[in-house]
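Visitor: Fit chain P with the ligands to the supplied structure of chain L, relying on the hints for placement.
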Amino acid sequence: MKALVWHGTTDIRCDSVPDPQIEHPRDAIIKVTSCAICGSDLHLYDHFMPGMKSGDIMGHESMGEVVEVGPEAKGKLKVGDRVVIPFTIICGECDQCKRGNFSVCERTNRNGHIAAKAFGHTTAGLFGYTHLTGGYPGGQAEYLRVPFADATHIKVPSTLSDEQLLFLSDIFPTGWQAAVQCDIEPTDTVAIWGAGPVGQMAIRSAILLGAKQVIAIDRVPERLDMARAGGAITINFDEESVIERLNELTNGKGPEKCIDSVGMEAHAAGTVDAMYDRVKQATMMETDRPHVLREMAYVCRPAGTLSVPGVYGGLLDKIPFGAIMNKGLTIRTGQTHVNRWTDDLLRRIEEGQIDPSFVITHTVGLDEGPDMYKIFRDKQDGCIKVVLKP
Amino acid sequence: MRYETERTRRRGHADTATDTLARGLGIFSIALGIAEVVAPRALARALGMKGQEGLIAGYGVREIATGIGILASKDPTPWIWGRVAGDGLDLATLATALEGRNPKKGNVGIAMAAVAGVTALDVYCAQTLSRETTHPLPPMQDYSDRTGYPGGIEQSHGAARDFEVPRDFRAPEAMRPYTQPQAPQRPTPSM
Ligand SMILES: NC(=O)c1ccc[n+]([C@@H]2O[C@H](COP(=O)([O-])OP(=O)(O)OC[C@H]3O[C@@H](n4cnc5c(N)ncnc54)[C@H](O)[C@@H]3O)[C@@H](O)[C@H]2O)c1
Ligand SMILES: [Zn+2]
Ligand SMILES: [Zn+2]
Numbered sequence: 001m002k003a004l005v006w007h008g009t010t011d012i013r014c015d016s017v018p019d020p021q022i023e024h025p026r027d028a029i030i031k032v033t034s035c036a037i038c039g040s041d042l043h044l045y046d047h048f049m050p051g052m053k054s055g056d057i058m059g060h061e062s063m064g065e066v067v068e069v070g071p072e073a074k075g076k077l078k079v080g081d082r083v084v085i086p087f088t089i090i091c092g093e094c095d096q097c098k099r100g101n102f103s104v105c106e107r108t109n110r111n112g113h114i115a116a117k118a119f120g121h122t123t124a125g126l127f128g129y130t131h132l133t134g135g136y137p138g139g140q141a142e143y144l145r146v147p148f149a150d151a152t153h154i155k156v157p158s159t160l161s162d163e164q165l166l167f168l169s170d171i172f173p174t175g176w177q178a179a180v181q182c183d184i185e186p187t188d189t190v191a192i193w194g195a196g197p198v199g200q201m202a203i204r205s206a207i208l209l210g211a212k213q214v215i216a217i218d219r220v221p222e223r224l225d226m227a228r229a230g231g232a233i234t235i236n237f238d239e240e241s242v243i244e245r246l247n248e249l250t251n252g253k254g255p256e257k258c259i260d261s262v263g264m265e266a267h268a269a270g271t272v273d274a275m276y277d278r279v280k281q282a283t284m285m286e287t288d289r290p291h292v293l294r295e296m297a298y299v300c301r302p303a304g305t306l307s308v309p310g311v312y313g314g315l316l317d318k319i320p321f322g323a324i325m326n327k328g329l330t331i332r333t334g335q336t337h338v339n340r341w342t343d344d345l346l347r348r349i350e351e352g353q354i355d356p357s358f359v360i361t362h363t364v365g366l367d368e369g370p371d372m373y374k375i376f377r378d379k380q381d382g383c384i385k386v387v388l389k390p
Numbered sequence: 001m002r003y004e005t006e007r008t009r010r011r012g013h014a015d016t017a018t019d020t021l022a023r024g025l026g027i028f029s030i031a032l033g034i035a036e037v038v039a040p041r042a043l044a045r046a047l048g049m050k051g052q053e054g055l056i057a058g059y060g061v062r063e064i065a066t067g068i069g070i071l072a073s074k075d076p077t078p079w080i081w082g083r084v085a086g087d088g089l090d091l092a093t094l095a096t097a098l099e100g101r102n103p104k105k106g107n108v109g110i111a112m113a114a115v116a117g118v119t120a121l122d123v124y125c126a127q128t129l130s131r132e133t134t135h136p137l138p139p140m141q142d143y144s145d146r147t148g149y150p151g152g153i154e155q156s157h158g159a160a161r162d163f164e165v166p167r168d169f170r171a172p173e174a175m176r177p178y179t180q181p182q183a184p185q186r187p188t189p190s191m
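Same order as they appear, the protein sequences are chains L and P.
Sequence positions in the first sequence follow the numbering used here and run 1 to 390.
Sequence positions in the second sequence follow the numbering used here and run 1 to 191.
No lab work stands behind these hints, which were simulated from the structure alone.
All C-beta atoms, glycine included, are put in the ideal place defined by N, C-alpha and C.
Honestly, I wouldn't trust all of these hints.
Cut-off 20 Å, straight-line C-alpha distance, at most; resulting in silico cross-link-like pairs (SDA-like, lysine to any residue) [what the hints assert, rightly or not]:
#1 L:LYS98 - P:ARG167
#2 L:LYS379 - P:GLY12
#3 L:LYS212 - P:GLY12
#4 L:LYS379 - P:PRO136
#5 L:LYS379 - P:THR133
#6 L:LYS98 - P:VAL165
#7 L:LYS374 - P:GLN141
#8 L:LYS212 - P:LEU137
#9 L:LYS379 - P:GLY158
#10 L:LYS212 - P:VAL165
#11 L:LYS253 - P:ARG176
#12 L:LYS212 - P:GLN141
#13 L:LYS212 - P:ALA159
#14 L:LYS374 - P:MET140
#15 L:LYS327 - P:TYR178
#16 L:LYS327 - P:ALA174
#17 L:LYS212 - P:ASP162
#18 L:LYS327 - P:GLN141
#19 L:LYS212 - P:HIS157
#20 L:LYS327 - P:GLU173
#21 L:LYS327 - P:THR5
#22 L:LYS98 - P:PHE169
#23 L:LYS374 - P:PRO138
#24 L:LYS253 - P:MET175
#25 L:LYS253 - P:GLU4
#26 L:LYS379 - P:PRO139
#27 L:LYS98 - P:GLU164
#28 L:LYS379 - P:SER144
#29 L:LYS212 - P:ALA39
#30 L:LYS212 - P:GLY152
#31 L:LYS379 - P:MET175
#32 L:LYS379 - P:GLU4
#33 L:LYS212 - P:GLU154
#34 L:LYS379 - P:GLN141
#35 L:LYS379 - P:TYR178
#36 L:LYS379 - P:GLY152
Restraint-style ranges between C-beta atoms, simulated for each label pair [to be verified]:
#37 P:GLY88 - L:ASN251: 20 to 26 Å
#38 L:VAL364 - P:THR134: 38 to 44 Å
#39 P:HIS13 - L:THR9: 56 to 62 Å
#40 L:HIS267 - P:GLY109: 44 to 50 Å
One chain only, chain L, in its complex shape (with noise of 0.2 Å):
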């Protein structure tokens, strides 16, 4: 079959691979229809996230067609079914998982070791996302082996486009869940670094929640604009002082929930104004990649909250611990517990709540992926979201 495969930094290409087999008595098959690039998938390709090997299969946002399925499987899945796989893979019965904290689910893991040593404790197995979280082969190809699938899987209705459904996967829980973090108030400002599809996600997110007023802040003018279609006011970093704006749109109190959609590749700005400066001082800050923290830290309004979906791998320098510990604040993060919303999520979809494709910009075939991930990552072409078609 066809898949992409990651050769090394910037190094993806659309090989011939082996088709996966049954390995497990729980595993299934899934011939893919649709696929996405995600932003973590840019982790992997710039290598900022270590744990890769040349010829790891890459992809974890991926829905598609039941075309096998292991003995132990068959109760939950038969051939035949429509299914997104949710980017986490789950056993559905370890203490975690029953709490319904699917992305630290400790079974999945087959490097559970590795991950413990690096973590203190092992977190969930993933699709295509390094061998620390179990080296499994990802999704964008034309078949997937889902580990554990009676429990990785989602139903879903034949009514809906695979565009409507796709990002159940990842990106619409993942938005959903930042917002979910924020314990939004009818009376809340919250505040969202980056407006890549998680920001869009959380956007939306945001607004059914029905915060008071949302604010997205980001660079790229292709964003911002889809941004503001959400319903947010938009905030040009390149161009304003982030913290000045924040403080004027909240007469000077700071948003109440900061959520962090950006992640270990974070920009700093280019403009160096008095503002920024003073924040630069009481954070002791070095123009370093943090930087959505670091600001987000300074600027939230105390007893407020930082919702943090964008990921991190390692150490972060210069976190200013002072101002959360002295503020007060909550920090919620981690890895998104995907099929803890998704049921409700779907509902919401089918009610018309929100209809997700709405982040698509690009639609190609699985050989024209290699070219799609470096225009993703440069923003190039207005890219903001891309399906594969494999």
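Guide: Showing chain P with the ligands alone in chain L's frame:
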């Protein structure tokens, strides 16, 4: 004509302001050049540079050529850089007139200040043009209709207020009075 880049507010727009500045510099070039060609003697006298009339007229020809280049070419950028180089030459030549016992040193100083002012404009213009692109950027994709709300934003705003935030995701109860200014039923916390 050059166009503004990705990173400006007026992304992809024709940069007419800088274009106008370049034309202005072209006309100035020609006017100064004609003065130098027509009246090299008067100029030499005023600057205490007797005997250099030929050089001044030569510079005049250079100015006229550069000016025509700016006005006639499709892309004035290299010609404006040519002006920057010429400015350097002018300043160096004028500097020689400051040496020795030139009774018109005052005039030379004024001339140098004027050239320095124009040089600053030339450098600014050349740098701006060099930074910009020769072809307009493709028009920006218009995503203003990508709301994501099939029934419109009014219908979706707050549509999920029915959602019950799970207990482990709720904001700490103790923090609520601080983030909700309008909740009068809560006791004002005393220190
Ligand atoms: N928690 C999860 O389970 C989960 C799931 C999916 C994605 N993610 C993570 O979410 C993040 C965003 O994903 P995406 O797909 O939207 O990626 P993306 O790269 O398309 O978007 C990131 C956006 O942030 C903007 N940005 C960069 N620096 C900024 C700054 N200083 N201030 C404001 N904006 C800035 C960029 O211009 C870009 O538009 C990534 O880190 C990704 O790994 C997490
Ligand atoms: Zn993802
Ligand atoms: Zn589990």
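Visitor: The structure should be examined with respect to each hint, and the outcome stated for every one.
Guide: Evaluation of the provided hints:
Simply put, LYS98 (chain L) and ARG167 (chain P) have alpha-carbon atoms about 15 Å apart, close enough for the 20 Å limit, and the pair holds. Annotation: proposed proximity of LYS379 (chain L) to GLY12 (chain P) holds, straight-line Cα distance about 16 Å (limit 20 Å). Pair hint LYS212 (chain L) plus GLY12 (chain P) does not hold up; C-alpha atoms about 35 Å apart against a cutoff of 20 Å. Between LYS379 (chain L) and PRO136 (chain P) the CA atoms are separated by roughly 18 Å; this keeps the pair inside 20 Å, and the hint holds.
The suggested pairing of LYS379 (chain L) with THR133 (chain P) holds, with an alpha-carbon distance near 18 Å, which does not exceed 20 Å. Restraint check for LYS98 (chain L) and VAL165 (chain P): the C-alpha separation of about 17 Å stays at or below 20 Å, so the hint holds. At most 20 Å may separate the alpha-carbon atoms for a hinted pair to count; LYS374 (chain L) and GLN141 (chain P) meet this at roughly 18 Å. Distance hint between LYS212 (chain L) and LEU137 (chain P) is unfulfilled; the C-alpha atoms sit about 37 Å from each other, more than 20 Å.
Between LYS379 (chain L) and GLY158 (chain P) the alpha-carbon distance is near 31 Å, which puts this suggested pair outside the 20 Å criterion. Between the alpha carbons of LYS212 (chain L) and VAL165 (chain P) the distance comes to roughly 17 Å, so the proposed pair stays at or under 20 Å and holds. Restraint check for LYS253 (chain L) and ARG176 (chain P): the C-alpha separation of about 15 Å stays at or below 20 Å, so the hint holds. Distance check on the hinted pair: LYS212 (chain L) and GLN141 (chain P) sit about 29 Å apart at the alpha-carbon level, beyond 20 Å; violated.
Restraint check for LYS212 (chain L) and ALA159 (chain P): the C-alpha separation of about 13 Å stays at or below 20 Å, so the hint holds. Restraint check: the Cα-Cα separation between LYS374 (chain L) and MET140 (chain P) comes to about 19 Å, which is no more than 20 Å; the hinted pair holds. Pair hint LYS327 (chain L) plus TYR178 (chain P) holds up; C-alpha atoms about 11 Å apart against a cutoff of 20 Å. Taking the CA atoms of LYS327 (chain L) and ALA174 (chain P), the gap is near 13 Å; set against the 20 Å cutoff, the hint holds.
Between LYS212 (chain L) and ASP162 (chain P), the direct Cα distance comes to roughly 16 Å. Compliance with the 20 Å bound is thereby established for this hinted pair. A threshold of 20 Å between alpha carbons decides the hint, and for LYS327 (chain L) with GLN141 (chain P) the separation of about 41 Å lies outside it, so the pair is violated. Taken as a hint, the LYS212 (chain L) and HIS157 (chain P) pair is honoured in the structure, with Cα atoms around 9 Å apart against an allowance of 20 Å. With a CA separation close to 16 Å, the supplied pair LYS327 (chain L) and GLU173 (chain P) stays within the 20 Å bound.
In summary, the hint linking LYS327 (chain L) to THR5 (chain P) is not supported, as the alpha carbons are separated by about 41 Å, beyond the 20 Å threshold. For the given pair, LYS98 (chain L) sits about 16 Å from PHE169 (chain P) by alpha-carbon distance, which is consistent with the 20 Å threshold. Between LYS374 (chain L) and PRO138 (chain P), the direct Cα distance comes to roughly 18 Å. Compliance with the 20 Å bound is thereby established for this hinted pair. This hinted pair checks out: LYS253 (chain L) and MET175 (chain P) have alpha carbons roughly 16 Å apart, not beyond 20 Å.
Proposed proximity of LYS253 (chain L) and GLU4 (chain P) is contradicted: the alpha carbons are some 36 Å apart, above 20 Å. Under the criterion of a C-alpha separation no larger than 20 Å, the hint pairing LYS379 (chain L) with PRO139 (chain P) is consistent with the structure, at around 14 Å. A hinted pair counts as satisfied when its Cα atoms are at most 20 Å apart, and LYS98 (chain L) with GLU164 (chain P) qualifies at roughly 19 Å. Note on LYS379 (chain L) and SER144 (chain P): the hinted pairing holds, with a Cα-Cα distance of about 17 Å set against a maximum of 20 Å.
Restraint check: the Cα-Cα separation between LYS212 (chain L) and ALA39 (chain P) comes to about 73 Å, which exceeds 20 Å; the hinted pair is violated. The straight-line distance between the Cα atoms of LYS212 (chain L) and GLY152 (chain P) is roughly 17 Å, inside the 20 Å bound, and the hint therefore holds. Between LYS379 (chain L) and MET175 (chain P) the CA atoms are separated by roughly 39 Å; this puts the pair beyond 20 Å, and the hint is violated. Of the pairs offered as hints, the one joining LYS379 (chain L) and GLU4 (chain P) holds, with about 18 Å between alpha carbons and a cut-off of 20 Å not exceeded.
Pair hint LYS212 (chain L) plus GLU154 (chain P) holds up; C-alpha atoms about 12 Å apart against a cutoff of 20 Å. Simply put, LYS379 (chain L) and GLN141 (chain P) have alpha-carbon atoms about 12 Å apart, close enough for the 20 Å limit, and the pair holds. In summary, the hint linking LYS379 (chain L) to TYR178 (chain P) is not supported, as the alpha carbons are separated by about 39 Å, beyond the 20 Å threshold. Restraint check for LYS379 (chain L) and GLY152 (chain P): not satisfied, since their Cα atoms lie roughly 28 Å apart, outside the 20 Å limit.
A hinted range of 20 to 26 Å is violated for the C-beta pair GLY88 (chain P) and ASN251 (chain L), which are about 54 Å apart. Under the hint 38 to 44 Å, the C-beta atoms of VAL364 (chain L) and THR134 (chain P), about 29 Å apart, miss the expected range. Our hint of 56 to 62 Å for HIS13 (chain P) and THR9 (chain L) is violated, since their Cβ atoms are close to 36 Å apart. Under the hint 44 to 50 Å, the C-beta atoms of HIS267 (chain L) and GLY109 (chain P), about 47 Å apart, fit the expected range.
Of the numbered hints listed earlier, those contradicted by the structure are 3, 8, 9, 12, 18, 21, 25, 29, 31, 35, 36, 37, 38 and 39.
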